[in-house]
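Trainee: With the hints as constraints, model all of the structure from the sequences given.
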Amino acid sequence: MAEAQNIPAGSTTAGSIAVAAESTVATRMSAPPSFDVADFPVPHGREEEWRFTPLERLRGLHDGTAVATGDGLRVEVSAPEGVTTETVGRDDARLGRAGTPVDRVAAQAYSSFEKASVITVAKETVLTEPIRIAVHGEGGTAFAHQVVELGAFAEAVVVIDHTGDAVLAANVDFVLGDGAKLTVVSIQDWAEKAVHVAQHNALLGRDSSFKSVVVTFGGDVVRLHPRVSYAGTGGEAELFGLYFTERGQHQEHRLLVDHNTPHCKSNVAYKGALQGEDAHAVWIGDVLIQAAAEGTDTYEMNRNLVLTDGARVDSVPNLEIETGEIAGAGHASATGRFDDEQLFYLMARGIPEAEARRLVVRGFFAELVQQIGLPDVEERLIAKIEAELEASL
Amino acid sequence: MATLEIRDLHVSVEADNATKEILKGVDLTVKQGETHAIMGPNGSGKSTLAYSLAGHPKYTITGGTVTLDGEDVLEMSVDERARAGVFLAMQYPVEVPGVSVSNFLRTSATATRGEAPKLRTWVKEVKEAMERLSMDPSFAERNVNEGFSGGEKKRHEILQLELLKPKIAILDETDSGLDVDALRIVSEGVNRVRESGEVGTLLITHYTRILRYIKPDHVHVFAGGRIVESGGPELADKLESEGYVAYTKTGTSA
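Keeping their order, the protein sequence lines are chains A and B. For the first sequence, counting from 1, position 236 maps to 236 in the UniProt record's numbering; every step adds exactly one. For the second sequence, counting from 1, position 24 maps to 24 in the UniProt record's numbering; every step adds exactly one.
Just so you know, these hints were derived from the structure itself, not from any lab. Worth double-checking, as some hints may not be accurate.
Residues from chain A shown here face chain B by an in silico Cβ test under 7 Å; the list is partial [what the hints assert, rightly or not]:
(1) 344
(2) 348
(3) 359
Away from chain B, derived, C-beta distances all over 10 Å, residues of chain A [as the list claims (entries may be wrong)]:
(4) 84
(5) 95
(6) 263
(7) 360
(8) 373
By construction, the Cβ of each residue, glycine as well, lies at the ideal position given by its N, Cα and C atoms.
Mentor: Encoded structure:
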């Protein structure tokens, strides 16, 4: 029997809770945020923000050698009535307002894109159908910028679906007006050679709610940077993620919730399963509670289920608190082996091993799958999980 | 008639880089319709017997045979044993997060019966079985054993026993941790299954208390990794008044 190695919830062995006068989240980056790629040195791999990433597999996105191919990436937006979709030039004032690139690839994307797309939901418009953005790679290299903006009290669901083969560096901005509600489901269902590096910036207006569901399955290297900050009090962010890291894949999710405003909430929950030689998942969860952010309520959690030998997880929760006047703050990280006792229990009821494994893994993901709220995406996700398991048995 | 035959069973476990023999030659025959109580002190190997019969990978069979109607049970995987008709009600049922009781029950019934039960009759079957065990219908929507109280876990084990209808039921300390009400409900469940006459029951217990509700045909005293004395129900009365002291001495020196 494989021995379970569990780090109990609330443990700080892999992470830290720091009470500091000054944030180290910013200072441990190799350069301050900037829209200009020239402000970032070419990473060599030992920098804090790059130390887990296989730079040699980024196809030149990090060192300036990647060149946009002009085609080879198809983007189709299908939006219900009440949504404005525009293609705009680099100088459009609506770009880059939700956040500034924090690493060289994000800055490269910002320095290199030619056209951006801006999707706007006017104030008080409540959509009943999701906005679907299909990003399909056909072997090209691309730098992209997208903006989704909701006016005050608007409500929308956006599904960004990445498929095919591409080398893509992107920044995606989500700007929420006061009282707006936005759910974003970003699916990384890439073909096996794809490389995808992106920064997602959400800026939450007063009393707005933002829910992000990141689902990562495919690709050779996927490195995502979901980030949240607040423009007013009363904002609520929920950041959920699911990943299934296969043999040889590198999947990295680096989150930052910047509590810079009083009385905001955040809840982060990411779960991943890994199987196969050299499957590598990285989860970095930074939560920063600034001195001004009194009344903050935050929790972050990462769980990993290692199904086979040879897979590796780096999970680093990091909570920095600059004020004691908060409602709550906590984090948990746990990485465990497949639980052989669960398997025994199910098999002792006649359930064959392959089916028992499916039940356990489906069960592991169930609470997050239920958060998506889109039946077609949920079904596809479950089918995908089953297919991944099928391939391994 | 289904018969489980255990002959000269030797079982060991790996602990602290050493091999430790726990079962030292167990002989026992359980026939359909019979109830055997296996009683013994802590550490005598009772639970090892239960888990070895179910095929838990922690235990290594080093000698002897186990057959069910002549078929070699030890050659079977855990799920094959269950489908052949061996059922283990566990002392510590395992939590399976994210898997609902209803999904679990239907999946296991489908596996053991060889085909998916018809939905309409199945729903009724589960509902009635749950009612008999005084289980709230909302129970079916909870995750398997997650947040269950001790009594709920045991009722859930007996619910499975009633639904899966095995040939041989091994009840590993099903009575431990139960208050009198829960013990009565659980025992009644076991007795309903026994009354069908189609199950051979191996009732493993530390205490004589459960034998007031479930009357065994045979009582065996287990000590030092083997059966040291066998008799009728009167043997349980003797244990009730005298305890295991006599056996722990002879058991270890034998």
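Trainee: Take the hints in turn and mark each one as holding or not.
Mentor: How the hints compare with the structure:
1. 344: 6 Å, holds
2. 348: 5 Å, holds
3. 359: 5 Å, holds
4. 84: Holds: least Cβ distance 40 Å, greater than 10 Å.
5. 95: At roughly 41 Å from the nearest Cβ of chain B, residue 95 of chain A sits farther out than 10 Å, so the non-interface label holds.
6. 263: At roughly 32 Å from the nearest Cβ of chain B, residue 263 of chain A sits farther out than 10 Å, so the non-interface label holds.
7. 360: 6 Å, violated
8. 373: Since the minimum Cβ distance to chain B is about 17 Å, residue 373 of chain A lies beyond 10 Å and the statement holds.
Hint violations for this structure: number 7 only, all remaining hints satisfied.
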